[in-house]
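Produce the entire structure from the sequences given, and follow the hints as far as they go.
Taken in order, these protein sequences are the chains called A and B. Take our numbering: the last position of the first sequence gets the number 600, and nothing is skipped along the way. Take our numbering: the last position of the second sequence gets the number 360, and nothing is skipped along the way.
Bear in mind the hints are in silico, worked out from the structure with no lab data behind them. For clarity, every value in this text was computed on a predicted model and none was experimentally measured. One or more hints might be untrue.
[Claimed, not checked] Quick look at which bits of chain A chain B covers, simulated, 3 or more residues with Cβ under 8 Å:
1. 144 to 156
2. 206 to 218
3. 403 to 412
4. 531 to 541
[Claimed, not checked] With a straight-line Cα cutoff of 25 Å, these simulated SDA-like cross-link-like pairs (lysine to any residue) come out:
5. A/Lys449 <-> B/Glu338
6. B/Lys292 <-> A/Lys449
7. B/Lys288 <-> B/Val358
The beta-carbon is built from N, C-alpha and C at its ideal position, and this holds for glycine as well.
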Amino acid sequence: MAATAHAHVDDHAHDEHHHHKETFITKYIFSQDHKMIAKQYLITGLIMGAIGIFMSILFRIQLAWPEQSFTIFEMFLGKWAPEGVMDADVYLALVTIHGTIMVFFVLTAGLSGTFSNLLIPLQIGARDMASGLLNMISYWLFFVSSVIMTLSLFVEAGPAAAGWTIYPPLSALPQAQPGSGMGMTLWLVSMAIFIASSLLGSLNYIVTVLNLRTKGMSMTRLPLTIWAFFVTAIIGVVSFPVLLSAALLLIMDRSFGTSFFLSDIFIQGEVLHYQGGSPVLFEHLFWFLGHPEVYIVLLPALGITSEIISTNARKPIFGYRAMVASILAIAFLSTIVWGHHMFISGMNPFLGSVFTFTTLLIAIPSAVKAFNYITTLWKGNLQMNPAMLFSIGLVSTFITGGLTGIILGDSALDINVHDTYFVVAHFHLVMGISALYGLFAGVYHWFPKMFQGRMMNKNLGYIHFWVTAIGAYGIFYPMHFVGMAGLPRRYYTNTYFPYFDDLADVNVVITLFAIVTAAVQLVFVYNFIHSIFYGKRGPKNPWRSNTLEWTAEVKHIHGNWDGPIPEVHRWAYDYSKPGHEDDFVPQNVPLKEGEEELNH
Amino acid sequence: MTTLLSLAVLLLIGIAVWQISKIFELTQIQSEGYDPATSEIANDKDNNTQGNLMFAFLVFIYLLTIYSFWAWGDVLLPEAASEHGDDYDNLMLISFVLIFFVQTVTQALLHYFAYKYKGKKGQKALFYADNDKLEFIWTIIPVITLAGLILYGLYTWTNIMNIDEDDDPMVVELYAQQFNWKARYAGADNVLGDANVRLINIDEANILGVDESDPNAQDDIITTELHLPVGKQVLFKMRSQDVLHSAYMPFFRAQMNCVPGMVTQFSFTPIKTTEEMRQDPDVVAKVKKINKLRAERSKKLVADGEGALEPYEFDYLLLCNKICGKSHYNMQMKIIVESEEEYQKWLSEQRKFAESLVKS
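Right under this line is the structure:
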């Protein structure tokens with residue numbers, strides 16, 4: 001199948017000027033062109049993101065002013081907010097779906113799906129993905145899973161509510177909570193389809209990077225974006241199937257009476273038949289994906305940042321080889337640290353020691369990355385475009401959030417902060433906000449590539465960044481204190497513990513920052529939509545970047561380059577190289593006589 | 001009405017954003033050398049403003065840190081009330097000092113460079129792609145630091161988790177169900193009777209599924225409050241009857257999940273009685289603050305014709321810390337640490353399992 005699809009792409013190379021007759025449907029809906037698919041991913045991801053962020057505002061309002069009546073609850077939650085007071089079950093549903101949507105639908109599909117699709121062919125010099133058909137199927141599976149996940153919000157008993165980690169038995173037993181009925185079924189179906197989509201996408205990315213690089217584009221000349229997408233795809237292929245197996249086994253426990261994860265349960269006055277299973281097994285399977293997932297989310301953002309920081313600093317990325325090595329090291333380590341989510345799950349404490357060791361090792365490549373970013377800025381000529389601001393912002397939140405990982409990754413310290421708001425603060429900064437910044441940076445930077453030369457408004461971009469940056473710290477910095485006070489996460493309210501009464505004002509501060517931060521995203525939405533239609537058309541290579549995508553046609557044509565595909569003669573980071581007049585030397589410019597090639 | 005108002009506000013915000021962007025655009029067009037093709041690319045003026053803002057942001061991060069400690073430093077947990085808690089708090093302190101040091105330095109470098117090297121036309125960046133020595137240094141420093149942290153962490157972890165049965169700890173079962181806790185004391189023989197949820201017999205009031213025929217079970221004592229004698233090591237055996245729960249005892253730096261189908265365990269030695277903890281200056285200050293807040297809220301409640309809130313008194317807590325369903329947020333049990341005599345007195349007032357059964 002891949003072979004025929006490949007041939008299909010080549011056909012296009014030959015008849016660039018006389019396209020196939022494209023109908024509205026083949027061009028905009030069932031498109032096999034990677035650029036259109038990238039846009040489809042982005043727009044679907046952004047819509048899901050809007051839903052996910054809106055949910056967080058709803059439950060933040062409940063946390064700041066617990067059990068009070070709000071019209072906004074009545075409007076959006078209907079019968080689940082009798083007289084405008086949020087129900088405790090729906091609170092759990094909101095945090096569950098918020099987590100699921102943000103982690104998988106926005107930061108996995110929305111981020112990786114968008115930029116892997118857009119940039120892999122363009123930056124390696126290929127006319128399209130290895131298989132346009134699989135790529136199209138991958139997007140439409142993602143679309144179907146998004147629709148199912150959204151539909152699950154409307155079922156009678158409410159959507160899944162067992163937390164995004166859906167630990168059984170809570171998620172397995174409809175008797176345990178209303179969300180574990182139809183809502184949970186739809187969650188599992190949606191995720192199974194999502195995983196299929198992700199696997200098809202990842203395989204395509206891997207094959208494309210390995211086989212379709214243009215002449216001269218050796219692996220050591222690949223831009224760091226491509227390295228990041230490539231390695232991310234490998235992690236996805238290795239770990240997502242394990243989640244699929246966990247989901248399938250859970251479906252069997254739920255519907256066919258097997259006992260993979262369940263044993264000795266007495267609920268609602270009766271003993272259930274399950275015997276011999278273990279919820280801890282589910283935790284192992286879940287986190288075998290769940291932890292690499294953090295890096296599936298983060299690595300593409302780091303790749304995007306590497307590219308944008310180097311371009312806008314007008315300097316080579318510092319330590320290219322170390323950056324590649326740290327991506328590989330992080331990828332490898334990410335698959336053997338899952339147990340740090342389970343230190344107090346009841347597994348053998350010795351296993352906890354092993355996972356502490358591997359987990360803290362990850363700090364080393366992460367630290368190398370952070371230092372290299374900082375050194376890239378040193379003595380640069382920084383062009384403060386909105387994408388650059390978001391990239392610097394990413395480094396900042398990556399450090400702040402990453403450092404607390406040293407506490408959570410340490411099994412001994414984890415005992416008392418496990419599952420408190422300290423964890424929530426940690427992972428939101430290090431993967432949520434960082435990856436979101438990566439997404440925004442990518443959108444501002446490659447908007448002209450996606451929308452035929454049109455650019456986003458920079459001043460709105462600046463407003464968007466600064467309010468978001470202050471808001472992100474305003475939300476998550478105080479949250480560490482809530483966690484250190486000992487408040488567990490996923491509590492509908494803390495008013496039943498007078499001991500936590502003094503957290504009331506912290507919670508209000510956090511919520512106010514959250515509302516402002518969410519509201520300012522509307523500026524981005526406006527800027528995004530407005531610029532698609534009315535954005536100013538910039539030059540062909542607006543950021544004066546070295547990578548190949550800026551040599552491709554501004555107008556979207558199937559096959560990317562009107563003429564032959566450019567050949568590559570150097571790495572992507574010859575910025576401000578001595579001996580050149582311009583402060584950038586695109587990859588397709590041959591070496592001058594006697595010029596030394598640098599790719600490290 | 002409120003709906004209409006909120007929609008109107010949203011609309012107004014939208015219009016405001018649109019207008020602001022128009023104003024920006026107009027001022028740009030009037031400025032010298034305006035070229036629509038490059039107008040959305042940062043120019044020297046933007047670099048200057050944004051670079052300065054980067055420095056301001058560094059100040060913001062520092063101020064936020066200082067403010068947070070000033071405003072919320074007192075919400076943090078008081079000193080540990082368990083023997084291993086001291087080690088825990090020490091390790092936490094060391095980790096935090098390290099984290100704050102690295103955070104302060106790296107954020108300063110990042111934002112200062114962003115400010116210092118903001119772009120100017122005609123300025124050329126330094127072509128600086130590599131420095132093996134430098135990279136070696138900042139790989140090896142984290143390696144050494146982390147090696148130290150890992151070793152100290154693993155030492156602490158092993159000390160906490162390895163339970164020496166020779167110490168003859170007092171065995172207590174923590175039993176979790178949606179949405180409450182029970183404690184089962186092993187009685188004089190210090191051995192818990194066998195139990196399984198399949199043996200639950202509500203009619204006979206055997207709510208924990210304890211094996212009625214097991215001789216070890218006869219003197220077990222089931223309670224809804226957890227009393228512990230100070231200075232005596234306790235070995236908790238955790239069970240759950242329905243879904244995952246987590247027995248979280250933050251004041252003792254202790255936590256373990258309760259897993260249906262298996263027994264998990266955690267052990268610690270309480271070193272401060274509830275009464276002693278109530279005298280702890282941090283706790284006194286905290287209770288005072290909380291009662292002030294509660295008094296304010298009570299005033300409001302009374303004005304609305306509702307009852308006032310009871311004043312708060314400090315008690316150790318056991319909380320559920322694993323999402324377990326609707327009332328997860330209110331699944332708690334009081335822990336009372338007291339002297340051996342008080343504990344024995346309390347225990348002797350409780351009914352033994354064999355006596356608590358209702359036989360028809």
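Comparing the hints with the structure gives:
Counting residues of the segment 144 to 156 of chain A whose beta carbon lies closer than 8 Å to any beta carbon of chain B gives 0, which falls short of the minimum of three for the stated coverage. Given as covered by chain B, the segment 206 to 218 of chain A fails the check, having 0 residues with a CB less than 8 Å from a CB of that chain where 3 are the minimum. Against chain B, the segment 403 to 412 of chain A contributes 7 residues with a C-beta closer than 8 Å to a partner C-beta. That satisfies the three-residue criterion, and the hint holds. Using a Cβ-Cβ cut-off of 8 Å, 5 residues of the segment 531 to 541 of chain A lie near chain B, which meets the minimum of three, so the contact claim holds.
Taking the CA atoms of A/Lys449 and B/Glu338, the gap is near 70 Å; set against the 25 Å cutoff, the hint is violated. The hinted pair formed by B/Lys292 and A/Lys449 fails the criterion: a straight-line CA distance of about 59 Å is larger than 25 Å. Of the supplied pair hints, the one linking B/Lys288 and B/Val358 is violated, its CA atoms being roughly 45 Å apart against a limit of 25 Å.
Going down the numbered hints, you'll see the structure goes against 1, 2, 5, 6, 7, while the others check out.
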